[in-house]
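J.: Chain by chain, the residues:
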Amino acid sequence: MSHAKYNVINTHVHNIDGVAKVTGRATYTFDVKLPGMLYGKILRSPHAHAKIKNIDTSAAMALPGVKIVVTGKDTLGVKQGIWRRYEELCDEQVLPLEKVRYIGEPVAAVAAITEEIAEAALDLIEVDYEVLPAVYEPLEAIKKEAPTIHEGVERNVNVTRHIEWGDVDEAFEEADYIREDWFKCSGQAHMCMETRAAVSSFTPDGKLTCWASTQSAYYTQGLLAGVLGLREGDVRVLAPYVGGGFGGKFELDAAMFTSAVMSMKLFKPVKVCFTREEDFIASKRRTPMFYYVRTGIKKDGTFCARESRMFSNGGAYTGMGATALYLSGFFHSFPYKWRGYRYDGYRVYTNTLPSTSMRGFGAPQAMFCSEQQIDWICADLGLDPFEVRRKNGHTEGYEVPGQAFIQSCGLEQCINEIEKWVKSKGKLPANRGIGISSCGFMSGGIFNWFDSPYSFSSAVVTINVDGTVELHVGCQDIGQGSNTTMAIIAAETLGVKVEDIRVHSGDTAHCPADLGAWGSRQTLMAGNAVKMACEDAKKQLLEFAYAEMGINIVYDLDIKDRWAHIVARPERGLPYVDLVKKALRAKDGQRIMGRGYYTPHRKGMISPAYSYMMQAVDAEIDPETGKIKIHEVMTAHDCGQPINQLGLIGQLEGAASMALGYAYLEDMPMEDGKLMNPNLVDYKVIKAPEMPEAGIIEIDTFEPEGPYGAKEAGEGLTNPTAAALGNAIYNAMGIQMKELPITPERVLKALREKKEQEAQK
Amino acid sequence: MINDFHYLKPASLKEALAMYAEHDDCKVICGGQSLLIVMRQGMVAPEYLLDIKHVKELSYIKFDEKDGLRIGATTTHREIEKSDIIAKKYPVLVAMEEKLASIQTRNWGTIGGNLAHADPAGDPGPVLIALNAEIKFGNSGGEKLVPLDEFFVDYFETQMEQGDLVLEVHVPAPEPKFGCAYQKFNLLDSDMGIVAAAASVTLNADGTCKDIRIVLGNAGPIPLRVTKAEDLLKGKKLDDALFAEAGTIASEECMPVADIHASEEHRRHVLGVLTKRMLKKAFEQAQTAA
Amino acid sequence: MEKQVLRFKVNGDEYEVFIHPKTLLVEVIRDHLGLTGTKRGCETVSCGACTVNINGASVKSCSVLAVQCEGLEVTTVEGLEKDGKLSPIQRSFLDHGSFQCGFCTPGMLMSATAFISEAKNPTKDQIKESIEGNICRCTGYNSIVRAIEAVTAGKYKEE
Amino acid sequence: MFGTGDKAHRGWIESQGYSYIELLLAQTTEPGNKSYEILSDLIEKAQDKL
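Protein chains in written order, with our numbering: chain A, 142 to 902; chain B, 586 to 875; chain C, 49 to 207; chain D, 176 to 225.
Derived from the structure by calculation, the hints contain no laboratory data.
One or more hints might be untrue.
Below, computed lysine-lysine pairings styled on DSS-like, alpha-carbon distance capped at 25 Å [unchecked claim]:
| hint | chain 1 | residue 1 | chain 2 | residue 2 |
| --- | --- | --- | --- | --- |
| 1 | B | Lys729 | B | Lys641 |
| 2 | B | Lys674 | C | Lys57 |
| 3 | B | Lys594 | C | Lys51 |
| 4 | C | Lys172 | A | Lys768 |
| 5 | A | Lys768 | B | Lys866 |
| 6 | C | Lys172 | A | Lys174 |
| 7 | B | Lys612 | C | Lys70 |
| 8 | B | Lys674 | B | Lys612 |
| 9 | D | Lys209 | A | Lys284 |
| 10 | D | Lys209 | A | Lys285 |
| 11 | B | Lys729 | B | Lys762 |
| 12 | C | Lys168 | A | Lys174 |
| 13 | B | Lys594 | C | Lys172 |
| 14 | B | Lys641 | C | Lys57 |
| 15 | B | Lys651 | B | Lys667 |
| 16 | A | Lys638 | C | Lys133 |
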């Protein structure tokens with residue numbers, strides 16, 4: 142469907158923070174330096190599970206240059222969590238009082254005049270632990286004899302999720318073929334280039350200012366206030382430039398907490414930055430999941446029912462993991478119509494670093510299992526994987542029973558485009574294959590477990606006398622380019638140019654509250670708020686224009702390219718700047734200010750809108766060494782109306798690199814709860830030579846709920862890749878990869894097993 | 586954090602050797618690409634640090650048709666990679682350097698430092714041994730010249746004693762009908778090898794194998810020559826079957842250690858595969874060589 | 049242990065700093081000179097965020113003792129722009145959207161600048177290898193490769 | 176819906192002579208939907224009493 146021609150939207154617009162970022166001017170929390178600032182370091186637990194019997198800080202305190210040493214005893218001991226609505230899910234004391242539950246958990250913090258002294262002081266803190274039996278795997282942790290990690294939590298079951306619709310058992314009855322598989326999905330580190338960092342400054346007037354590397358200044362503000370016993374309004378959080386987030390930076394972290402606690406005791410600024418190693422061992426990760434998937438299908442390829450069980454390794458605390466548990470189960474049904482669907486998800490506590498949200502939010506794991514099994518079923522029954530996906534895929538107007546209503550859906554076009562692309566590749570050489578995977582993702586979550594009294598997103602726009610615009614938004618730019626996207630939406634709506642707009646974000650004192658950058662929510666939710674605010678301001682201008690131009694009220698007025706005019710007679714009008722000046726006088730000099738907000742209502746359980754995509758991965762296997770070479774990734778993508786052209790391409794390519802890493806490189810192996818690769822030598826992040834071409838085919842749809850028809854783009858693109866690679870390897874070598882990451886060794890093992898099976902036949 | 590140390594900056598080689606002789610608890614830094622990491626981890630904390638980065642006498646690349654190639658110890662990897670004469674006479678060295686870590690590391694890191702560090706996973710070791718290189722090191726008392734495959738004695742240990750500096754690497758002039766190939770197996774292009782194999786083949790006029798060297802990287806405590814596999818091929822008319830057999834022998838002869846990146850079994854298997862492939866590649870080069 | 053004076057040039061200016069010999073170049077650049085454009089992302093010389101150019105060659109400034117730079121010329125990201133005019137690679141990064149969070153960008157730009165200065169119509173693979181010492185978690189590198197490609201193809205001239 | 180958030184519900188199930196946690200684990204470790212059938216029977220019975 143083709144829609145209105147836009148002046149700014151989906152044109153080639155530079156990132157508005159670009160100049161700051163390419164000249165080194167951009168100042169990150171990591172770069173913040175305040176007068177009299179002290180440097181903090183954190184002492185971490187060497188044990189996976191232990192009682193803290195005593196902590197002796199005297200020797201550390203005595204070290205010249207050390208200003209303070211704090212332990213849990215020096216805090217209010219508040220158990221916090223981002224699921225504020227549910228007391229029992231607020232289970233984490235950032236500096237624990239009784240016991241530690243994973244290796245790397247903070248037990249004390251030091252502030253000193255230099256980083257070096259602070260680090261030296263850590264060695265002088267004596268902690269007396271009583272080591273307790275520990276458990277590291279969810280399937281072990283639910284056993285009767287397993288140690289209890291949180292008092293009163295039976296069998297270490299942290300949260301459970303049951304999703305069900307239709308008569309599942311009856312639907313299975315109708316199936317001609319039922320297939321069952323077990324899958325194991327690994328964890329993944331967010332590995333933001335900027336490690337967790339915070340600078341806190343508490344002043345004698347009782348006010349705290351905290352510079353934090355966060356995805357949501359508002360969440361940080363609320364959580365900090367809660368654990369420090371301050372009013373939210375007395376906590377100002379600044380998130381200047383943020384060096385990446387990917388889902389790992391909107392909970393309260395130890396950098397924020399310890400810097401704030403020490404600053405409140407010293408009335409001096411305190412800076413705490415994680416080392417890369419700390420960032421690996423103690424800043425949470427993508428949730429490792431065990432999936433049991435049972436799928437029933439008719440001979441003709443019609444999906445009947447799916448029943449899935451999932452155990453996730455929750456690690457020591459809840460964090461955002463509870464949400465990932467739900468979303469994984471929901472998107473495990475995506476993007477298909479099931480007569481009966483049943484999911485039981487279990488998040489189990491273990492003595493490992495906590496798991497949380499990460500780009501894709503549980504869906505990449507779910508798709509790895511679902512999309513591979515569908516291809517295997519197609520092979521078992523001799524069906525065409527494209528046809529089967531088309532036959533069962535979501536369509537516009539479909540309701541996921543009791544869960545979601547699909548207003549726009551370009552899935553079928555996505556499948557058609559990728560089918561064309563794959564066919565165009567013709568026959569591939571030996572040991573090379575193309576695999577496909579389709580999926581969908583949300584455009585912001587509807588759930589409000591943080592219990593925010595504010596609207597989900599809001600914006601305030603102020604028009605200066607010279608026509609320049611101050612746009613205040615609460616949404617957080619963590620690199621994904623939301624500042625630019627918001628500027629584009631504002632410029633389009635007000636009828637001005639992007640360079641007329643100055644975006645203010647990442648400051649709770651000046652920007653309206655917004656839940657922040659997670660769950661792909663900002664383009665749709667903050668975008669709607671910005672559009673509403675700008676329409677409000679524009680209306681005030683046009684009201685005056687009617688009077689000024691003295692025209693018949695039946696005419697529509699609009700502003701485009703800084704020209705206020707009659708829509709039917711574009712030549713009749715006046716310059717936008719003149720209009721602003723005159724309107725100001727008419728309003729007795731009051732600034733023209735527009736307000737906008739967005740809170741979803743009656744949009745189902747999950748999200749107001751869903752993006753759809755299909756991806757193909759072209760990969761080659763070295764049959765002798767098992768080494769995988771990715772030749773190309775191609776994605777057909779329905780994100781509604783693209784807003785930020787450069788940003789969209791960047792998100793797609795970035796998602797591909799992160800998702801490929803998850804598929805065949807990145808892993809977080811542990812021994813007795815100890816992470817074995819907490820550095821960038823042993824933790825493998827894709828580098829330029831490994832990165833394949835990653836093309837995009839935009840499928841043009843219009844999402845009624847989104848600003849100018851836009852919906853999610855970027856996060857969902859991490860979902861299909863691991864499955865697509867798995868399918869590529871299946872097509873190339875005929876082996877089924879049920880465990881992530883797909884390493885050369887696992888490939889060779891599967892090849893050997895295949896040989897043995899064939900030998901038996 | 587790096588421990589404190591006294592910084593020694595000699596102006597000449599002579600002064601460097603003298604200073605090194607004077608101070609017992611002293612380490613040598615040149616490019617420091619490996620040293621500074623272990624110093625930061627506190628694993629190495631010398632009282633004195635001797636900086637030879639700017640000792641110009643040790644920074645050179647010389648080639649002579651008879652004498653062969655001489656590379657000074659403080660020559661950077663990047664200088665070797667960019668050397669036209671090396672590209673012409675020893676292309677395998679350039680190919681190896683191009684895959685050694687990153688450009689930044691090659692710009693500052695040096696060949697002498699790399700060899701003295703004696704990491705069994707290092708790239709230059711296996712290739713230079715396959716090229717039959719010798720290494721010259723010495724102290725204020727005098728110099729020693731040893732075949733490179735005798736230079737390494739254990740993990741991060743060489744024949745050098747306190748006071749010894751690496752001075753020069755000497756690679757003999759390439760013989761006629763000679764070929765040499767190197768490949769590492771890794772997950773990322775810029776990584777050290779999980780395992781690696783270098784092979785060189787010299788053929789007689791009649792096409793039989795005159796000399797052969799198979800050197801494995803990260804397959805044991807030192808760059809490992811697998812002599813059983815070599816002996817199988819010496820004097821024979823080489824073919825794919827022999828290369829495969831040599832690979833099998835090499836995978837038994839090597840002694841890799843498992844870590845999170847690969848099991849011992851997988852390492853042995855891949856070493857066998859690489860050995861076979863590098864032998865074939867070196868052989869084909871030798872056949873076409875003048 | 050005893051501190052010493054280091055004299056060297058940074059972005060064309062003579063500097064004299066009094067430092068412990070163990071001080072890393074990146075620490076001098078960030079902490080002593082306050083040039084925070086240069087970042088740090090690891091402790092293992094892996095990420096390349098601290099890349100600067102020493103006499104025109106890209107080097108990871110966390111892998112170099114500052115005292116080793118006596119008398120040398122260091123260029124940091126702050127030194128790329130001249131009188132408010134961005135360098136070709138900086139402009140190309142803007143046009144190609146070759147950054148997102150921007151934390152790796154200064155290091156990327158320095159690697160790219162050093163490469164461009166010596167590259168003669170390089171292949172795509174050579175361009176990729178020129179930044180293989182720099183980790184970017186956001187962009188997937190392709191937009192960075194396109195930006196370098198455009199400059200080496202002469203699409204951007206010094207202003 | 177089962178969930179640790181649901182304390183009253185949990186207490187009520189225990190009072191009916193079932194182990195909440197056993198029902199939970201049965202639901203994921205055994206195929207089918209037994210736990211939920213047991214639960215729905217319980218609820219029906221309870222409603223009949225009203």
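J.: Against this structure, judge whether each hint is valid.
T.: Here is how each hint holds up against the structure:
Distance restraint check for Lys729 (chain B) and Lys641 (chain B): the Cα-Cα separation of roughly 20 Å lies within the 25 Å cut-off, and the hinted pair is therefore satisfied. Distance restraint check for Lys674 (chain B) and Lys57 (chain C): the Cα-Cα separation of roughly 38 Å exceeds the 25 Å cut-off, and the hinted pair is therefore not satisfied. The straight-line distance between the Cα atoms of Lys594 (chain B) and Lys51 (chain C) is roughly 14 Å, inside the 25 Å bound, and the hint therefore holds. With a CA separation close to 22 Å, the supplied pair Lys172 (chain C) and Lys768 (chain A) stays within the 25 Å bound.
With a C-alpha separation of about 19 Å, the suggested pairing of Lys768 (chain A) with Lys866 (chain B) holds against the 25 Å cut-off. Under the criterion of a C-alpha separation no larger than 25 Å, the hint pairing Lys172 (chain C) with Lys174 (chain A) is inconsistent with the structure, at around 40 Å. Between Lys612 (chain B) and Lys70 (chain C) the alpha-carbon distance is near 13 Å, which keeps this suggested pair within the 25 Å criterion. A distance of roughly 34 Å separates the Cα atoms of Lys674 (chain B) and Lys612 (chain B); the hinted pair therefore is violated under the 25 Å criterion.
For the hint pairing Lys209 (chain D) with Lys284 (chain A), the CA-to-CA distance comes to about 20 Å; that is within 25 Å, so the pair holds. Between the alpha carbons of Lys209 (chain D) and Lys285 (chain A) the distance comes to roughly 21 Å, so the proposed pair stays at or under 25 Å and holds. Among the hinted pairs, Lys729 (chain B) with Lys762 (chain B) is inconsistent with the structure: their alpha-carbon atoms are about 30 Å apart, more than 25 Å. Among the hinted pairs, Lys168 (chain C) with Lys174 (chain A) is inconsistent with the structure: their alpha-carbon atoms are about 42 Å apart, more than 25 Å.
Only pairs whose Cα atoms come within 25 Å are accepted, and Lys594 (chain B) paired with Lys172 (chain C) is rejected, the gap being roughly 41 Å. Using a Cα cut-off of 25 Å, the hinted pair Lys641 (chain B) and Lys57 (chain C) holds, with the two alpha carbons roughly 21 Å apart. Distance restraint check for Lys651 (chain B) and Lys667 (chain B): the Cα-Cα separation of roughly 22 Å lies within the 25 Å cut-off, and the hinted pair is therefore satisfied. Between Lys638 (chain A) and Lys133 (chain C) the alpha-carbon distance is near 23 Å, which keeps this suggested pair within the 25 Å criterion.
Checked against the numbered hints above, the structure breaks hints 2, 6, 8, 11, 12, 13 and satisfies the rest.
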